[in-house]
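Asker: Heads up: the sequence lines are chains A and B, in that order. If you count the first sequence from 1, position 51 lands on 50 in numbering that gives the first Met the number 0, and the numbers rise without skipping. If you count the second sequence from 1, position 437 lands on 436 in numbering that gives the first Met the number 0, and the numbers rise without skipping.
FYI, nobody ran anything at the bench for these hints, they're computed from the structure. Small disclaimer: the values here were computed from a predicted structure and weren't measured. Don't take every hint at face value.
EDC-like cross-link-like pairs, simulated, lysine to aspartate or glutamate; straight-line CA separation at most 20 Å [as the list claims (entries may be wrong)]:
hint	chain 1	residue 1	chain 2	residue 2
1	A	Lys86	B	Asp323
2	B	Lys399	B	Asp323
3	A	Lys28	B	Asp323
4	B	Lys358	A	Asp40
5	B	Lys467	B	Glu431
6	B	Lys371	A	Asp40
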Amino acid sequence: MITREDVRRVGWLSRIELEDSELDEYSRKMGLVLEYFGVLDEVGGDVDPTYHVLEIDNVFRDDVAGEMLSQGDALLNAREKRDGYFKSARIV
Amino acid sequence: MSIDRVRELVESVGIEEVLHRCSERIEENKLNTFITTDFEGALTRARKRDGNGGGRLQGVPVGVKDNISTRGIQTTCGSRILTGYVPPYDACVVERLKAEGAVIIGKTNMDEFAMGTSTETSYYGSVRNPWGRERVPGGSSGGSSAAVAGGEVPIALGSDTGGSVRCPASFCGVVGLKPTYGGVSRYGLISYANSLEQIGPIATSVGDVALLFDAIGGYDRRDSTSAEHEFDTSSALDSDVGVEGMRIGVPDEYFGEGTSGAVRDSVWNAIHTFEDLGATYEIVSMPHTRYALAAYYVIAMSEASSNLARFDGLRYGYRVEEGDWHTSFSRTRREGFGEEVKRRILLGTYALSAGYHDKYYLKALKVRTLVKRDFETAFKSCDLLLAPTMPYPAFKLGEKIDDPLSLYLSDVNTVPINLAGVPAISLPCGFEDDLPIGLQLIGNFFCEPTILRAAHCFEQSTDFHKRKPGDV
């Protein structure tokens with residue numbers, strides 16, 4: 000069960016604005032999915048979690064600068080830019 | 000159409016005519032398979048390469064799923080939020096295709112951010128199935144599969160997070176491979192669930208899928224999850240090496256109660272074909288299959304909630320400019336994302352939030368360990384596993400889209416493979432009411448050559464791949 004308030008809270012955490020009129024429908028459909036996820040409670044025993052299927056960890060390379068995206072290319076798709084930077088809305 | 004046939008055509012009528020025919024076919028079919036086409040650019044690039052030939056895909060037109068970055072060609076992930084986004088670089092697989100002489104003609108339609116089983120969640124409209132225009136093509140790589148099945152391109156790339164190459168391959172009657180996790184570089188693939196997804200080839204025959212896999216696979220240092228493994232697919236299609244003595248496992252749990260009678264019969268006929276070819280089979284049990292679907296969706300949604308946090312309208316794509324940062328960010332995402340994407344981000348955020356992390360996310364990762372162990376146990380006595388790809392043939396457009404859970408349940412036979420990270424291929428093995436049925440062959444880690452070989456032998460012994468769709 001996920002309440003309207005829960006949906007509103009995760010909406011804020013996810014930075015997705017939701018209208019009051021949408022909350023019931025989101026909580027109903029999300030509730031059905033979460034109810035289905037309840038099947039996981041049947042699984043007992045304690046095993047290690049698998050975050051990653053291959054035995055690869057700590058992939059490093061030599062600390063040498065290589066080819067990378069130019070500043071101009073990185074800015075190509077930005078709606079607003081100034082002096083070689085992305086321009087964002089006011090944060091605080 | 001095969002790669003060989005297209006190469007002959009390029010030789011005889013020229014690349015311009017071949018591209019013209021592709022374009023005409025797309026126009027005539029009206030399946031909505033492409034979000035963006037770039038025939039002018041394709042011709043320019045192909046002409047530049049003329050004379051530098053030698054590539055195994057020289058002059059061969061290819062469709063690339065729209066979540067794979069293509070320098071200079073719009074890449075939207077089927078989403079409004081990336082409308083107008085033009086990547087400044089090529090994905091590794093795109094570089095490799097170009098190096099082999101392939102000609103990228105455009106970007107194929109897909110479920111928004113690859114989240115779907117029917118290609119109905121695309122902002123750019125649903126794709127239609129060439130076997131029945133009122134049917135879905137499967138998803139999320141529905142555009143790629145329908146384009147290949149409809150004769151618009153001989154080969155295409157898709158991506159497979161929980162079945163997104165195999166499902167549409169099954170529904171559209173073509174061949175699709177989900178490689179071993181780490182087998183193909185994800186550099187330039189726009190992430191949805193990065194611990195699960197792989198780019199995979201789609202074509203009309205096993206041989207063409209093997210060639211395309213050979214072209215795009217292998218280590219790439221720019222993907223930190225890339226495996227340092229050299230695939231050798233050269234013997235996979237050797238007709239002297241058959242399936243004699245091959246041990247096939249048939250997981251009982253993959254023939255669940257939702258499986259249609261025709262799917263069950265077709266897959267069992269396939270098992271008997273393999274027997275006739277000298278293979279043996281045994282029923283195996285994979286007891287944690289029952290929990291795989293829930294575990295998959297928890298993990299995929301959790302990873303999506305993090306991966307899709309980058310879409311803020313600041314550096315690229317759609318942007319609503321209103322108020323402060325939080326308002327602009329939240330409204331951009333409200334208007335930029337479709338309903339299914341928002342629902343998955345919200346559910347993923349919920350599953351990772353304080354108080355629920357252990358109940359959902361951590362539990363799902365533990366179930367993933369158990370699912371992976373099921374595969375490890377099965378592969379102790381089997382060379383490959385065989386099952387239906389999908390429990391039923393293509394369903395109708397609109398039939399399931401309003402009921403997310405019912406749509407998720409369609410993925411029951413494909414998601415365990417992504418949880419475990421092993422490779423699997425789907426190829427045609429029958430028909431129900433003139434709609435194709437897909438056979439899934441699952442291999443152990445890095446055993447693509449084994450499943451390609453088995454798939455090729457099956458294809459050589461049957462005619463299912465020769466039948467062409469009626470609605471194009």
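Asker: Would you mind marking each hint as holding or not holding in the structure?
Answerer: Verification of the supplied hints:
Annotation: proposed proximity of Lys86(A) to Asp323(B) holds, straight-line Cα distance about 12 Å (limit 20 Å). Between Lys399(B) and Asp323(B) the alpha-carbon distance is near 39 Å, which puts this suggested pair outside the 20 Å criterion. A C-alpha spacing of about 31 Å is found between Lys28(A) and Asp323(B), which places the hinted pair above 20 Å, so the restraint is violated. As the CA atoms of Lys358(B) and Asp40(A) are separated by approximately 8 Å, the hinted pair is consistent with the 20 Å bound.
Our distance criterion of 20 Å between C-alpha atoms is met by Lys467(B) and Glu431(B), whose separation comes to about 14 Å. Restraint check for Lys371(B) and Asp40(A): the C-alpha separation of about 18 Å stays at or below 20 Å, so the hint holds.
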